[in-house]
Amino acid sequence: DAGVTQSPTHLIKTRGQQVTLRCSPKSGHDTVSWYQQALGQGPQFIFQYYEEEERQRGNFPDRFSGHQFPNYSSELNVNALLLGDSALYLCASSIGQGASNSPLHFGNGTRLTVT
Amino acid sequence: GENVEQHPSTLSVQEGDSAVIKCTYSDSASNYFPWYKQELGKRPQLIIDIRSNVGEKKDQRIAVTLNKTAKHFSLHITETQPEDSAVYFCAGTPSGSARQLTFGSGTQLTVLP
Numbered sequence: 015d016a017g018v019t020q021s022p023t024h025l026i027k028t029r030g031q032q033v034t035l036r037c038s039p040k041s042g043h044d045t046v047s048w049y050q051q052a053l054g055q056g057p058q059f060i061f062q063y064y065e066e067e068e069r070q071r072g073n074f075p076d077r078f079s080g081h082q083f084p085n086y087s088s089e090l091n092v093n094a095l096l097l098g099d100s101a102l103y104l105c106a107s108s109i110g111q112g113a114s115n116s117p118l119h120f121g122n123g124t125r126l127t128v129t
Numbered sequence: 006g007e008n009v010e011q012h013p014s015t016l017s018v019q020e021g022d023s024a025v026i027k028c029t030y031s032d033s034a035s036n037y038f039p040w041y042k043q044e045l046g047k048r049p050q051l052i053i054d055i056r057s058n059v060g061e062k063k064d065q066r067i068a069v070t071l072n073k074t075a076k077h078f079s080l081h082i083t084e085t086q087p088e089d090s091a092v093y094f095c096a097g098t099p100s101g102s103a104r105q106l107t108f109g110s111g112t113q114l115t116v117l118p
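Here the protein sequences line up with chains A and B, keeping their order. For reference, each letter of the first sequence is one residue, going 15 to 129 in the numbering used here. For reference, each letter of the second sequence is one residue, going 6 to 118 in the numbering used here.
Bear in mind the hints are in silico, worked out from the structure with no lab data behind them.
Beyond 10 Å from chain B on every Cβ pair, some chain A residues (computed):
{"hint": "1", "residue": "K27"}
{"hint": "2", "residue": "T28"}
{"hint": "3", "residue": "Q32"}
{"hint": "4", "residue": "V33"}
{"hint": "5", "residue": "R36"}
{"hint": "6", "residue": "S41"}
{"hint": "7", "residue": "H43"}
{"hint": "8", "residue": "E66"}
{"hint": "9", "residue": "R77"}
{"hint": "10", "residue": "F83"}
{"hint": "11", "residue": "A94"}
Under 10 Å between C-beta atoms, here's a sample of chain B residues computed to sit facing chain A:
{"hint": "12", "residue": "V9"}
{"hint": "13", "residue": "Q11"}
{"hint": "14", "residue": "P39"}
{"hint": "15", "residue": "Y41"}
{"hint": "16", "residue": "Q43"}
{"hint": "17", "residue": "G46"}
{"hint": "18", "residue": "Q50"}
{"hint": "19", "residue": "F94"}
{"hint": "20", "residue": "C95"}
{"hint": "21", "residue": "L106"}
{"hint": "22", "residue": "F108"}
{"hint": "23", "residue": "S110"}
Covered stretches of chain A (chain B as the covering partner; in silico rule of three or more C-beta atoms under 8 Å from a C-beta of chain B):
{"hint": "24", "segment": "52 to 65"}
{"hint": "25", "segment": "121 to 128"}
Predicted, not measured: the structure shown is a model, and the values here were computed from it. Even glycine gets a Cβ: it sits at the ideal position worked out from N, Cα and C.
Build out the structure end to end from the sequences listed, making use of the hints.
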């Protein structure tokens, strides 16, 4: 039973560029959430997708956008990259929208470095 | 919004001793409190969670206690082993929102052999 898978594992981009990160949820899960984890910090909520719609958004600018596909996989897009966007981007999947009803299962993350 | 504070930021214990990590939260509507363990270069993994209608939960060497009045919750690890060394994160659900978690800043636990 495959867990949450993310690609790529590492990525180096230049300031101003755009990036797309991908996530496949754990088998049986239909909800995908994205978190940004800066070095030495806890993960910060970016947004959650359920039924192909963004259901809730954290305190992140519009440069961060996403998409969920009919097979429940998801993409995170970041435009106009800034140096401060360098972080580990974690995808988490669950069943339904409620974190308390279905614990989050995290992927290994994508390490994004912006130079 | 929800603010989750976690301390200490680093904790060293001798193998076999107990470790306690404490978190406080600001939003009284927060109703779900998971704890995650993250080893270096690996994904955060859920180790235990507690809901606001429960005061304590235990799973083998790990226990979590919740004080809703004081708005704090703690992770207790007994009989620590070297493989318990990792970063531990607490989290809460802001405004009772079931859709997102607000994480603490993490505690680096080192178990000395």
